[in-house]
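Construct the complete structure from the given sequences, taking the supplied hints into account.
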Amino acid sequence: MEAATVAAALGFLLLAGVGGSSVDEAREESVVRALVVRLLGPGPAADFSVSVERALATESGLDTYRLSGGGGARVQVRGSTGVAAAAGLHRYLRDFCGCQVVWSGSQLHLPQPLPVVPEELAETTPHRYRYYQNVCTQSYSFVWWDWARWEKEIDWMALNGINLALAWNGQEAIWQRVYLALGLTESEINEYFTGPAFLAWGRMGNLHTWGGPLSRFWHLKQIYLQHRILDRMRSFGMIPVLPAFAGHIPKALTRVFPQMNVTRLSSWGHFNCSYSCPYLLAPEDPMFPLIGSLFLWELSKEFGTNHIYGADTFNEMQPPSSQPSYLAAITTAVYEAMIAADPDAVWLLQGWLFQHQPKFWGPDQVKAVLRAVPLGRLLVLDLFAENQPVYSRTDSFYGQPFIWCMLHNFGGNHGLFGSLEAVNQGPQAARLYPNSTMVGTGIAPEGIGQNEVVYTLMTELGWRKDPVPDLVAWVTGFADRRYGLSQEDAKEAWKLLLRSVYNCSGKACVGHNRSPLVKRPSLKINTTVWYNRSDVFEAWRLLLKAAPNLTTSLAFRYDLVDITRQAIQEMVSLYYEEVKISYRKKDLILLLQAGGILAYELLPVLDEVLATDKRFLLGSWLEQARAMAVNETEAQFYEQNSLYQLTLWGPEGNILDYANKQLAGLVEDYYAPRWRLFLETLAGSLAQSVPFKQKEFDKNVFQLEKSKMTEPGASPEDPWVKVEYAYSDNSLDPDDEDSDYHQESYKESYKDRRRRAHTQSEQKRRDAIKRGYDDLQTIVPTCQQQDFSIGSQKLSKAIVLQKTIDYIQFLHKEKKKQEEEVSTLRKDVTALKIMKVNYEQIVKAHQDNPHEGEDQVSDQDKFNVFQGVMDSLFESFNASISVASFQELSACVFSWIEEHCKPQTLREIVIGVLHQLKNQLY
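Mapping of the sequence shown onto mature numbering (1 follows the signal peptide of the UniProt record, and there is no 0): residues -20 to -1, 1 to 902, in sequence order.
By construction, these hints were calculated from the structure, which means they are not laboratory data. The beta-carbon is built from N, C-alpha and C at its ideal position, and this holds for glycine as well. Treat the hints with care, as some may be off.
[Claimed, not checked] Straight-line C-alpha distance at most 27 angstroms; calculated DSS-like pairs for lysine-lysine: (1) 475 - 560; (2) 487 - 525; (3) 796 - 807; (4) 487 - 504; (5) 445 - 499; (6) 566 - 842; (7) 565 - 797; (8) 565 - 487; (9) 750 - 688; (10) 813 - 793; (11) 565 - 783; (12) 688 - 675; (13) 842 - 797; (14) 816 - 842; (15) 566 - 797; (16) 499 - 679; (17) 813 - 824; (18) 347 - 487; (19) 824 - 898; (20) 675 - 499; (21) 565 - 796; (22) 504 - 688; (23) 679 - 504; (24) 813 - 796; (25) 796 - 566.
[Claimed, not checked] Pair ranges (Cβ atoms, derived): (26) 891 - 843: 17 to 25 angstroms; (27) 631 - 34: 50 to 58 angstroms; (28) 51 - 351: 36 to 44 angstroms.
The following block contains the structure:
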């Protein structure tokens, strides 16, 4: 126990001295003052005084800020670093002015005069590090950003006290230099790199080639961006984490060095080896330290260094051996390659591998990796700690320091989701864990720009010593700050969201949207949720009720669209369940009703709602991608990269819909057509009485999905291409004017051509829909009859559809009636055929015996037979029937018929009568 405590302390002390900023206090003061001006404007910024004073830090070196003044005097913001000063400014704006700074749009209505700080407020963070990003965030959210958007993000990072973050732009340009120096050709290098939207997985060794190559202009622009990003981060006193060599190499290196000892790993993410199965250099190969140190030398020469490097050798890939000796050797090789170039190197390792494959990573395997690096020189990100923490099953990572991270989001999906209680309690539980080596908190989402309440809480916890004592009170305060005023309906709505969508607990809580809306349709989609959907609908109603007072709020407009989107998503799930039920019951009418609402009402309405806000436009996303290009060919290439990531993810739908987003344009032109095809297929299955075949449907729908990669349908108002009609004052949307490579002329001409093409495509679609409704009104008789309730008005589409459904039901009944009549007629025909055969036999018998007529009996004899039969029946009838009451008479008659009128009984009576008549005649 004592040894573990010493190891933990050693790890902390070693880390405490790493990354100390060489930027002087004056530079950090200057950059924070510039931040105040960007955030508030020059006038309000003059009411704030900012200073950076290293002496404010505690003995442990933990970031500290102090606030004072206001109430007519200037607000004094003092911080031990630029990040600490920015965090202090944010604290004042949040707690004293009721402001909020978020991705969707900041609320910065400052009261006048500025509120006074009653007595100096001093705050010291309990955490050495407040970390930000996931390697995947670089691709799911940041990939198309220009400097203007990056500047806003770094400002947000500083205001939230983040002091450790990935800075991985431009590394492919450095690798290109290294590979050329090692003897690879440019074509071999181009073949190796993935496309921009998939770089994160190329960097972790999961993929190569897919979506590539990267152009020379891409490399130049990324180097430019990286310089600006690093300069700004370092100016705030942040520690940027640079990339390092993890052991993966291009196959082409084996051509240059045929004796190189490599192992080919298995494939990843349903990709075949054309795009996956990376080559991993053996740890004992002499090229390992050479390649690793060459890369870091070239990287540091270009960008400088803060001595913390990220590398992930086995991200979601199983090592070739589970032997602890091998795992220790490969880990040591990565670390030694780092220190060969930088003796002060510290390795930042994403701990996702231990969580993702727990069966492989047993205690011996985990310990082999963690103990292969000197204590304090490996900093582990417990990446999914709010749900599946690793520190608690590895004795606090066997003494290595770690950061408690909230992952929260997968794939950058939309969808209201959170585990706020687990997030609130998690960091303190990790700090209090026996012999804890926790040195910070972090937020590590795969994608950002959603569920801002979750990230607001997590960044606040980075400066808190204890959990928030009352989350209900906290979330109502969040609503007040978000909208700039206290509105009861809005606060009640957020309380409902807190107890429902933001109250997920347990290992099943994963922030990955698997709603039927965004999944390829099938009959096996699970729609179970952990909350009561009625809470979402009620929160939606309350926010709609609050709308008249809050429409000037950017954040409220975002939230109103977002919760409307969520409510429609819930309704899609409910109608999908009705579709499943109706199909299993073979009820075509119910299937058409439920499916029609889902695919032809809910999804189009959702697309229209999303199109009211540029933050929910596919066009906004694609325009960012196109803005990175320097010519039309490159623009189209980037756009296709972007679309593939949002939809198929790979050439064959390899990780289909993983990065789904609910964006106007994507809903109507991608998700809705899939559902319409699915419902048409189900209806055809029922109509033709053939089973639905999922594999056959998957093949058909894949062709539809793939066609959307090159033929997005759009109109001039459609969000595939145009963003000007939506709100233009989103404070965190990218501004392309600051891009040094922006070329407006080609882009405008392209937009004109694209607009015309999309207009034609959209017009064809709308004409087809109109013709369909016109045909329905011609075919359906009730559509031609005058409806006096609406006068001479034209029938709406909803009325036409309802009348069509009613007419289909009528036809269904008529069909059933006609089928019954046909069945009766078939029985009559069968009886007539039997009679015909009998008569033919009688005629034939008569022809065969022409003298039969000589023995003909009289009509009196025929009557005697009938009379004899009737007399016999009456005797039994008279003996069996009671006339005490009509009820008894009725009962006895039916009983008599069943007993005495059986075919066998009648046959015996007739035979007896005929015997009597024969005796009389002969």
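Evaluation of the provided hints:
1. 475 - 560: Between residue 475 and residue 560 the Cα gap is close to 33 angstroms, so the pair fails against 27 angstroms, i.e. violated.
2. 487 - 525: violated, 36 angstroms
3. 796 - 807: holds, 17 angstroms
4. 487 - 504: holds, 22 angstroms
5. 445 - 499: Answer violated: residue 445 to residue 499 is near 41 angstroms, above 27 angstroms.
6. 566 - 842: Given pair residue 566, residue 842 is violated - Cα atoms ~58 angstroms apart, limit 27 angstroms.
7. 565 - 797: Measuring from Cα to Cα gives roughly 21 angstroms; hence the hint holds.
8. 565 - 487: Violated - the C-alpha atoms of residue 487 and residue 565 are around 35 angstroms apart, more than 27 angstroms.
9. 750 - 688: holds, 23 angstroms
10. 813 - 793: violated, 30 angstroms
11. 565 - 783: The hint holds at about 23 angstroms.
12. 688 - 675: holds, 20 angstroms
13. 842 - 797: violated, 43 angstroms
14. 816 - 842: Given that 27 angstroms is the threshold and the Cα spacing comes to 23 angstroms, the pair holds.
15. 566 - 797: holds, 19 angstroms
16. 499 - 679: holds, 15 angstroms
17. 813 - 824: At roughly 16 angstroms apart (the allowed maximum being 27 angstroms), residue 824 and residue 813 satisfy the hint.
18. 347 - 487: Cα-Cα ~24 angstroms, so holds.
19. 824 - 898: holds, 25 angstroms
20. 675 - 499: Since the Cα atoms of residue 675 and residue 499 sit roughly 15 angstroms apart, the hinted pair holds (cutoff 27 angstroms).
21. 565 - 796: holds, 18 angstroms
22. 504 - 688: holds, 25 angstroms
23. 679 - 504: Roughly 17 angstroms between the alpha carbons, so the hint for residue 679 and residue 504 holds.
24. 813 - 796: Given pair residue 813, residue 796 holds - Cα atoms ~26 angstroms apart, limit 27 angstroms.
25. 796 - 566: Distance of about 16 angstroms is within 27 angstroms: holds.
26. 891 - 843: 17 to 25 angstroms: Once the Cβ atoms are compared, 18 angstroms apart, the range 17 to 25 angstroms for residue 843 and residue 891 holds.
27. 631 - 34: 50 to 58 angstroms: holds, 54 angstroms
28. 51 - 351: 36 to 44 angstroms: violated, 56 angstroms
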